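Work from the hints to combine the two standalone chains into their complex.
Below, each chain spelled out in residue letters.
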Amino acid sequence: MQLEKIDDYRWLIPRTYKPGMRTDAIVYANERLLEAIRKDQSLEQAANVAMLPGIVGRALAMPDIHQGYGFPIGGVAAVDEQIGVVSPGGVGFDINCGVRLLSSSLTLKDVKPRLRDLVHQLFRDVPSGTGQTSRFSVSDSDLNQILEKGPRWAIEHGMGSEADLDNTEERGCIAGADAYAVSARAKLRGKPQLGTLGSGNHFLEVQYVDEIFDTTTASRFNLSEGKIVLLIHTGSRGLGHQVCTDYVSQLDEAMRRYDLYVPDRQLACAPIHSPEGQRYLKAMAAAANFAWTNRQCIAHSARGAFKRIFGEGTAMPVIYDVAHNIAKLETHNVDGKQKRVLVHRKGATRAFPGQPVFIPGSMGTASYFLVGREGSMRETFGSACHGAGRVLSRAAAKKGTTAKEIQKELESRGIIVESLTREGLTEERPEAYKDIEAVVDVVHNAGLAARVARLKPIGVIKG
Amino acid sequence: MAAEFELLEHTSDMGILARGGSRNETLIAASKGLASILVNPAGFKPLEERFFKATGSDEAAQIVNWLNEILFFFDTEGMVFVEFDIESWNTDEVIGRARGERFDIDRHEFRTAVKAATYHQFESHPTPQGWEIRVFVDV
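Protein chains in written order, with our numbering: chain A, 1 to 463; chain B, 1001 to 1139.
Be aware that one or more of the hints could be misleading.
In silico BS3-like cross-links for lysine-lysine, where the CA-CA straight-line distance does not exceed 27 Å [stated by the list, open to error]:
#1 A:K404 with A:K456
#2 B:K1032 with A:K399
#3 A:K109 with A:K398
#4 A:K456 with A:K398
#5 B:K1032 with A:K398
#6 B:K1045 with B:K1032
It is worth saying that the hints were derived from the structure and are not from the lab.
All of these numbers come straight from a predicted model, not from anything done at the bench.
The following block holds chain B by itself, in its conformation from the complex (with noise of 0.2 Å):
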């Protein structure tokens, strides 16, 4: 299946839930929608690669981490990426990289500024057609 995600509504804060054929593309899709949240990503081209590891002593720790990440380079770089490799992912950590371009206020249209991703409702499972992440983040 194509990975795809989806914005859930909360009172105060957002969710998303992606969904993929495997856990590596479900966790990708759900990068590119916390990207959404934070920017229209239409505009964003991948120039700029940075390096991505995540640790954490479960999978979801791994996974909100990771998605972490990408607040922490928004919010010190202006990095926005639209493109991710996983190359890696055992019990410890996920390792990969991103690909996107700086925010640009002149020529970037900014959406929701996120603080954190969140371990709240959070869930990651595999289903029949491969796998599914839910994840609230604080906005």
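Here chain A stands alone, though its shape is the one from the complex (with noise of 0.2 Å):
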């Protein structure tokens, strides 16, 4: 694919690159990034996403992009709310798959000397990889509350603070959500699933604060070098697994009868406005309330056990839970006037100014901690990326190493590591992603977000 080089951060895929596209797609990387991202199909998907009807502005890709199904993992597009599509497909199988960030009265000068008991009791009080369930005991009447109110319901339960609530995205409802919305099978699949991490690239990390590269919004969020915070990662797990399934599944039968067309079939779609396409934004509303109340329930958990190794006094407050798998509508610029739109962020996360943004490395590597700027309002919809991006397939990454290998790997670097499968932690390696510093360096130096923080790893649990 010829690509026009905009500057060194970005790059432009034209409509006339193939018939059917009816705006351009702007790639965010450097020449390094970009050399990754070609040897996958994730410019051709980034390209299909600028057919999706609607479609205002350009179709986006983040610099962590990588080829998805349908549409690009780290692909932003916003479609008019009044003659827009929406599209399952647009946000993915793990609904609000997010990330959360909570700080901690401890530094690591507390933690290191009993980091492999914290570690381990992390690990044991928070269910992670498959056949782990649910430790909290949820009726359907309370399932249904979970879908429509989001972590309000672990609040009232004694699961948190209303504090927890003030630094959520959407304070973890969406309106409009629906549980009647949501099949009788995703609540199957969900119920046993809520307080628990699951497997793949989700995880918990316990980290601290290595470099502070702004030391006035550090401080904004209590942040100082040393300072130790944990980050989780997981999302909707079953219940947003199946909702996306059974959704697209209806919306590529509607597509026929509101006379669409998509070059691939996952990116099934429908009026925003249809009933299929309500129906769907309600279920989905419904599954990202799953997933607040999922991470708000970890949380719960994390702190317990925290407070077990370090005392009653531990406080860890959130500091912020954002989504990045997800379908919102948002009013922005668009040629010059206001309007409102949907903003599909599929492997992206909101980064509106002045809104922390997390971009977690692989494991093992540095995370970092941004805030949005006004560059994000003005290109990218208050979008930037989510993570580093995966460059190897999970059987490559499984060649030429053991589980036992990385976690003495990791172990020689001060990071304690615990997962319940081996392929939890070979698939995951470090070198199965993009350099997180590249990736940061183009949404950084793109204006999209700016860097706050460095934080780094010294305990993994993974599914």
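Given below as structure tokens:
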């Protein structure tokens, strides 16, 4: 694919690249990242996203972009609320997969001597990996409340405080969520999984603040060098997967009724205002609320683990919780006019000016704390990237290494890892991902989000 | 030809390429391929049976939905299937049965969690030797 270089961090796929593109696509990357991005079909998928009916502005690819199914992972597309479509594939199967960062009253010096105990306690208290079920007893009525109220349900049951909601995107509850738009099968999949981490790339990481780049902003979030923080990365578990499965199937059939065409069936969509589109949005909102509650429950369990090791006085406030697989109705400036648009963020995080943005690195490498900048509102519908982005397939990542070797290597760098499965470690080894520093460099220099602090892991729980 | 499958590499996901003498045999091979992504199937016995019904407006939807049934049973009951029978397959649905046993972390080896089967780069078509199905799953 011939890309037009705009500057050192932006590349254009012109709408003339292939028939059906309704707009250009912009790729945020430097030359080195672009070389890795070109190795899979992600740029082709970014061009496909530019074909979505009702798309406004440009289709956007973040520097961590990699090939997904339909939408690339690291893709952003905004569609006109009035005439646009909603695509469950533009959100993904793990609806509201996201990250929550908790601060703590502890420092590296406090934690290091008892790190192994802490990691072990977290591994015991937060179910991770397959076959590990919820420790929370949830009735059908509870589940419906969770779907419609989000983490407020958990707070009403003594798991957290109002301050947690203040520091959660949308206060953990997308309005319009309807528990009855979520199938019985989705509820059956999700109910035993509340408060569980799951597997794949999901993790719980004990980190410390390694370096601060912007002291003013860091102090706003009470971050100082050496402070211990906890990063939780997970989503809506089987409930979200089933909601997406159900609605891809329904919208796939609905497309014929609305005479819609997409180049990849996994991009199945329906007009936002159609009964099918509305129903998906209500179910997606419910699944998103479930995911926020899931992270709230995990935070509650993790706080318990910290208190058990370091005493009842250990405080762990939420710094922020943000989704990176979501579609949201927002108002943005489009061609000089304020417009209501549905922003699909698939493997992309909201990055409104001043809002915390977390970019986790691969297992064992640094993560970054940034805040959104004005550039994100001008160019990316208030979005930035969500991680390092894979470069190796899971099979390739597993070759030439063993879980034991990875664990040993990480321990030699002072990082203690616990995982239920070997695959949890080998598939997610650091080499499977792009260079986090390069990814962060692009969003920082492109003006989408500004670097505030670097966080380094010392304890990792993998599913 | 004997039905078989191979796993395909994809940056973020995994694919299954199944081949068989007939469409039914090939879907069974794809089903076994999916089970082999989830777990090491070697330790599983056909102890319990479940009824499968996958509807869909066309063949692709029926195959994707059939594979999603496997994931649904795994998530909700921990069932891993090692034997499959397809009893009927018409323009609206595939009906069959599957036998296997529940995953037990102390006896079985888990591999990779799968969220769903997808339509991405999906193919199902006859070949000179029989049939071929290619499906990518989100992991």
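Hint check results:
1. A:K404 with A:K456: Holds, at roughly 21 Å.
2. B:K1032 with A:K399: holds, 23 Å
3. A:K109 with A:K398: violated, 35 Å
4. A:K456 with A:K398: At roughly 24 Å apart (the allowed maximum being 27 Å), A:K398 and A:K456 satisfy the hint.
5. B:K1032 with A:K398: Satisfied, since the Cα-Cα distance of roughly 21 Å is no more than 27 Å.
6. B:K1045 with B:K1032: holds, 13 Å
Violated hint for the displayed structure: number 3, the only one.
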